Amino acid sequence: MENLLSIFVRSIFIDNMIFAYFLGMCSYLAVSKTVKTSMGLGLAVVFVLTITVPINYLMEQYLLKPGALVWLSQEFAGTDLSFLSFIMFIAVIASMVQLVEMVVEKYTPALYSSLGIFLPLIAVNCAILGGSLFMQEREYANIAEASAFGFGSGIGWLLAIVAIAAIREKIRYSNVPDALKGIGITFIITGLMSIAFMSFLGIEL
Amino acid sequence: MSLSNYNPFSLTNRKLLLGPLNLENPITVQVLGICSALAVTAQMKPAIVMSVSVIAVTAISNFVISLLRNTIPPRIRIIVELVVIATLVILVDQILKAYVYDVSKQLSVFVGLIITNCIIMGRLEAFALANKPFPALLDGIGNGLGYGMVLITVSFFRELLGSGSVLGYKVIPEAFYDFGYRDNGFMILPPMALIIVGVIIWIQRSYVKSLVEKD
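Protein sequences appear in the order of chains A and B.
Under the numbering used here, the first sequence has 491 at position 176, and the numbering climbs by one with no breaks.
Under the numbering used here, the second sequence has 110 at position 52, and the numbering climbs by one with no breaks.
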């Protein structure tokens, strides 16, 4: 349990998707104009990450790893399908996003109309695929750890996009040099926030 | 499109190739593909390998999707595009693992993340689906080059100031260090990539006034 908590906190603050790895920057920059929409996109990312990381973990364990297919028959002990992981992961993500979209549309139309355009875009959000690839690289011991990592990364992403959106709402009233307005200043602010987040380095739970 | 006269170097085609280098730069103007751009720029070598990979994937996928554009049903086009891109990225990944293993280890997950690189998706959606294969190929190469250019500039400054070397060769003379010059270790850390890109955008927009955003 402590281990899970440590992975969770680590993925929010230390290995933050945006501030440490720059994943999902495209939508982070494009959608962070108001707090409300960025909250919606953030929640959608948390949701999709929490679902896809454990599913891809199972894929990795029972399909892709060297010798992962032994549950079918001993003959496959030497089979290594890991080169297929990119296409497998992206297929899982694209179909999960489609599924989530349909479920949300059916049961919570209000949420659907506010998330509408963002949901399909999430399939090509680097943070989602990045979550699965980091999960593969870090070799988590069991599915609970992988889920904790997925959920934590999502929360970290949500935190980052809501924070920058709040700052951008305020900075509209500041006197930024013309050439730096908009994207330029957002980059620099993100850099500064990233420096701030570096102070979490070395925290162990 | 001036393809009717089959002049491969017509003005529009040259624009497709060279536009993304400055006025339509994918990173500083269209703000696409930042995701993988920043994390690989601590040194020049991975940045160059990454740029070449992205140029290859963008160009080929643009070309292939443009060939298929009349047969893809619009509803499932994103999945078709992802399959084409993922296949190309797997090829790139295997080639990198075979020939430049150390760089491929350094790039770690970022090779895989070319799949979700917004530049590729963006160009496929915005250009390849509506244009003939040859212009699409040029557009792909152009955008790949524009991306690579920013990547290599950022990595040049980060490596020069952060480790005092260019492409792994020491360029700052020992004498400097004797006088008390120190490498700025901060340049290697992630935040500086963001700040350098911010400064590049600032410089570009100071010269090209038409790009300045109005609030």
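Source of the hints: derived by calculation from the structure; they are not laboratory data.
There's no promise every hint is true.
[Unchecked claim] Here are the computed lysine-lysine pairs in the BS3-like style, where the Cα-Cα straight-line distance is at most 30 Å: (1) B:Lys155 <-> A:Lys485; (2) B:Lys155 <-> B:Lys190; (3) A:Lys348 <-> B:Lys155; (4) A:Lys380 <-> A:Lys485; (5) A:Lys380 <-> B:Lys190; (6) A:Lys348 <-> A:Lys421; (7) B:Lys155 <-> A:Lys496; (8) A:Lys485 <-> A:Lys351; (9) A:Lys496 <-> B:Lys190; (10) B:Lys73 <-> B:Lys190; (11) B:Lys267 <-> A:Lys380.
On a predicted model such as this, the values are computed, not experimentally measured, just so you know.
A quick look at each hint next to the structure:
1. B:Lys155 <-> A:Lys485: The hint is violated at about 46 Å.
2. B:Lys155 <-> B:Lys190: The hint is violated at about 33 Å.
3. A:Lys348 <-> B:Lys155: With Cα atoms ~40 Å apart, Lys348 (chain A) and Lys155 (chain B) exceed 30 Å; violated.
4. A:Lys380 <-> A:Lys485: Since the Cα atoms of Lys380 (chain A) and Lys485 (chain A) sit roughly 48 Å apart, the hinted pair is violated (cutoff 30 Å).
5. A:Lys380 <-> B:Lys190: 41 Å, violated
6. A:Lys348 <-> A:Lys421: The given pair, whose Cα atoms are some 28 Å apart, holds under the 30 Å limit.
7. B:Lys155 <-> A:Lys496: Distance ~41 Å between Lys155 (chain B) and Lys496 (chain A) Cα, so the pair is violated.
8. A:Lys485 <-> A:Lys351: Satisfied, since the Cα-Cα distance of roughly 14 Å is no more than 30 Å.
9. A:Lys496 <-> B:Lys190: This hinted pair is violated, its Cα atoms lying about 36 Å apart.
10. B:Lys73 <-> B:Lys190: 15 Å, holds
11. B:Lys267 <-> A:Lys380: 53 Å, violated
In the structure shown, a violation is registered for the earlier hints numbered 1, 2, 3, 4, 5, 7, 9 and 11, in ascending order.
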